[in-house]
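On the provided structure of chain A, position chain B as indicated by the hints.
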Amino acid sequence: MRNESRVYLGIGSFFIVTLLVYFFTSHESTGSVLLLASAGLGLLPGLYLGWWSRRMQQRPEDTGEGEPRDITGVIGQFPENTIFPFTLGIGVWFVGLAFVFGLWFAIIGMAFVFGAAIGATGESKRASFSERENVG
Amino acid sequence: MVQTAGVVEHERKAPGGFYKWVTSVDHKVIGKNYMYTALTFMFIAGAMALLIRTQLFNPNGHVVSLQTYNELFTIHGSMMLYLFAGPFAFGGFANFIVPLQIGAPDMAFPRLNNLSYWLFLFGGVTMLFGFFTASGAAAFGWVAYAPLSTAPFSPGPGADLWIVSIAMVGFSGIFTGVNLMTTIFYLRAPGMTMFRMPLFTWSMLVTGILILIAFPVLTAALVMLYADRHFGAHFFSVAGGGVPVMWQNLFWFFGHPEVYILALPFFGIVTELIPVFSKKPIFGYRGMVFANLAIAGLSTGVWAHHMFTTGVVLLPFFSALSLLIAVPTGVKVFTWIATMWGGQIKFNTSMLFAVGFIFAFVMGGITGVMLASPPIDFYTHDTYFVVAHFHQVLIGTTVFAGFAGIYYWYPKLTGRFLHEGLGKWNFWVTFIGFWITFMPQYLLGLRGMPRRIPIYSPTDGFTFLNRMSTVGAYMMGIGMFLFLLNFIISWRRPRPAGDNPWDGYTLEWATSSPPPPHNFHSLPPIRSARPLWDLNHPDHADSVPMVTGGDESAE
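Top to bottom, those sequences are chains A and B. Count along the first sequence from 1, then add 159; that gives the number in my numbering. Count along the second sequence from 1, then add 22; that gives the number in my numbering.
The hints are simulated quantities; they were obtained by calculation from the structure and are not laboratory data. Incorrect hints may appear among the rest.
Here are some chain B residues the structure puts well away from chain A; computed CB gaps all over 12 Å [unchecked claim]:
| no. | residue |
| --- | --- |
| 1 | Ala71 |
| 2 | Gly83 |
| 3 | Trp269 |
| 4 | Ala342 |
| 5 | Arg473 |
| 6 | Gly520 |
| 7 | Asn522 |
So, partial list: chain A residues that the calculated Cβ filter (under 8 Å) puts toward chain B [to be verified]:
| no. | residue |
| --- | --- |
| 8 | Gly169 |
| 9 | Thr184 |
| 10 | Ser185 |
| 11 | Gly190 |
| 12 | Gly225 |
| 13 | Val251 |
| 14 | Leu256 |
| 15 | Val259 |
We put the beta carbon where it would ideally sit given N, CA and C, even for glycine.
So here's chain B without its partners, still in its complex pose:
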């Protein structure tokens, strides 16, 4: 990593412009590419959500056709989950931040990293191609339940494009998971033991493990579905001796860990910034590590709680494990609150989004505990109650915690600040819109409004609550526009941020903003989980003089 004349010589030779962007294997460039691409997909999918809400504003709405409505909610869900939430976290944030946090010069496999991005981008574009085919895009929901997704019920290339798209994005995720785990295991800086790693890096390690458990199952299921559609296989068709519900088993064995693949990185982001803006070390570092590992295990054993109403699953087993997940998740929430407790809290935009995340996630989490109970699930299954629940969990994590991360690490990514005043508007408009959108949906669900219906009758009693929800959705849309505005302002009128504007204590703040190629010119000694704090505040350092040597258990 020593910067020699060779590097200088290389920089003179290095390609520029578009070619440089296409060919760069620097984890920071790839991380930013992931972020910009995922955010673009989010804006497209968000526009689809607004179309959906506009259709539901009036009973018997005529904004889009019934077929188009099915395509919209399918691609909205697919884009948000496969193309935004996951890649934004493990492709964007993790790619950029993890090597910096562990003091590595790059990811372990830089070229594989670059390939992962292209598979993600091309896969994502492939999904959108469906709208330009004569029979339209896929229209079977993001879960693609068989037999609806088989050829007789979903003919045409739209469904096949969806399958190819998800397979490519799946491989991209698997490669990124391998890359992350190898990087964390083999490229840590000297002194950075496992129990000194920042908790965001721990989150990404556990996410990497979950990716490797979950994504191959989805890819295998997609191959089986394609074989059913085109090669006359009968994995999921009763007529040929297949089992349709096997798709649900396979899909949700991917799908439920996927929820935590989406959530854990964002838990990690919030865990990084709450101590920094509370001026306190994290309350219970090891508790957070073990909560991550417990979530990884439990989340893989609860897949069939999405299938209670099929009547062929073991209700007590899945209900009990689903309820158990509340324990490590609760540990996390208590840790965040205990870290803030008594701290000198600085409520800037990033911290506001983090606290907003806790509110949103707790509400989504509590309704999740309710849904883990089979009697409640039987009553609310496939209603808007479930829609409200998972949107609160997912928007709570990916949007609120994600934006907390953007405002926190933007100075490191670009060397610039985002505008604080506009950021607070961004937060409050989004936050208020969020509650106005989804609280009515709980009530709609309890009153019996099914999910995925394009029209309802004026006599159903759903009109007022739907209108409220639509108004909230547009508020969230305005909130997102304010973020875009903030981004453009920072781009046109940059305000320099300096290397460590928040007095952060993890290694990414020890290098310049933005960091140089291969990240560090020199590293501080790593003697605790807060090496930069020890360096900058020697009177209050976490590290203690070492009296034993060479044994991890000495810590």
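Chain A with its partners taken away, still in its complex shape:
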């Protein structure tokens, strides 16, 4: 995880330097705020991952010697089919169209959004039916 952290920290540090040079030469506020936010976007996850990398054992993908058998077993839940992202997409689309054509679109859109939220939550409780141990 150390190299992942370095990627973020490197980019965040670059933005800190750029911000200092830019702010003290231009005194322009919009760009300075944007650079500050970008620096934070690099440093926050970079420091978090760096903090973790010192506390966790190295993962099989962090070492040059990892073998496929090192991750034998269930490595995550990967459903194959679900209707709820589509439902949520339709809902968000209608809510978006409400900003153009009127609030009544948002009523339909929110119905889809809530339907998707309830459905996806129920689906997650049942877990993926593609994994045998979860069937039934």
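For chain B alone, coordinates are given in the frame of chain A:
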């Protein structure tokens, strides 16, 4: 990932047809959906480009009305940039290829991945709705400069539909960026350290970071613009104490990284296939990685080079950083050439497109270095010189490198080959048309032809060069038609490709074509950046016996 009886049971139960397509969260299905949708948007936007060029064929052209012309170039640019170039790369190629290249069973968040696609599709369709409204589609250019994009100057729902559309596509991009980065950080196969990742995957990681830097800024700017238009806010109106040029700052803080969000994935594609077709390992793997990271940093610090002529930006700062980007980009070009140098190069269609990309990109890049110099920029700003420059960069990357990727990975996507002979026609017609289209535009720009004008006078001296450019554009259109033909032929008369037709060495070639659900039945040991090469060519393997253990720095 073990294939158990449970999966077999599931496959029996699985939905089919249209419902399966709508509900699938398999990254390969979603990746293909992205590709087909983005290519469809490209063909629609390309048809708009031909209409634009037809209008400019004659002085005082009458093909479309002046208002329609404004709508056409706005939606052409918006579709090509927001709906084709980006989603084709980070939604299409990345979705399909990255999990395969790192040995993952799927993306980290499959359902979010599916949602990203629907937001992209519905957002894209929303943009086109504008043409069916009484006041027409958005007509303020793909950059939507305020105050032109505010309510007094752009009334009607077309502009609002554009805003909603871009916001939805923006969220789709953000979700995909998060998904890509999480997948690359947490789902790599054992032994796949960061410095063994394929360079396409590295490109997509850096693209993901850039997406997260750039897209939220655009979304925020769109909210502010909408508030100005409908809620009486004054972010961008001078009358209310706002600052119009702030839109430009916000937009280009998104817009310039966006150029590299579009370019980096295609750099990655070319970096994958040039070594394969040159029968050599990449020249300077780490140099390419650091060039990617340098581009990510520098591209975020150069936004105001699009604003030199506003007179309110720090010219030396932005000029210097813009010139600096040429260094990592140059490293990439030299690496591609050095990889080919002395190799056993196989000039099939994919490689032709890759080499064509290098020519196109270098030309676009050099004129970019020219434009980074304020005196030249002041002279050529808002002329056809700039139009030619960014079309050469963007078509060079998204079309030439993109098609190189299609011809390279099509066997993996479908298990079939595209026709080589027709592919070469596809390349040469597009390539020649490309130069005929855009070289005259440089000259037109230097002679003072402004961009975005629907008519010009016969006495301006622009007629011949415009006609040449239009002829080239139609040639490119024919080139695109040949690709479509090739695709249809491959669909109707399939030629099986096998699992690894190019002797590729990254993990996507270690599985079947097309890959099974959850991608791999077994993985080869990963001991170098070319695990499949090590497996298939043990006498010339890159990997060396490990004498130290457990430390990344040992590599």
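Hints violated by the structure (numbers, ascending): 3, 4
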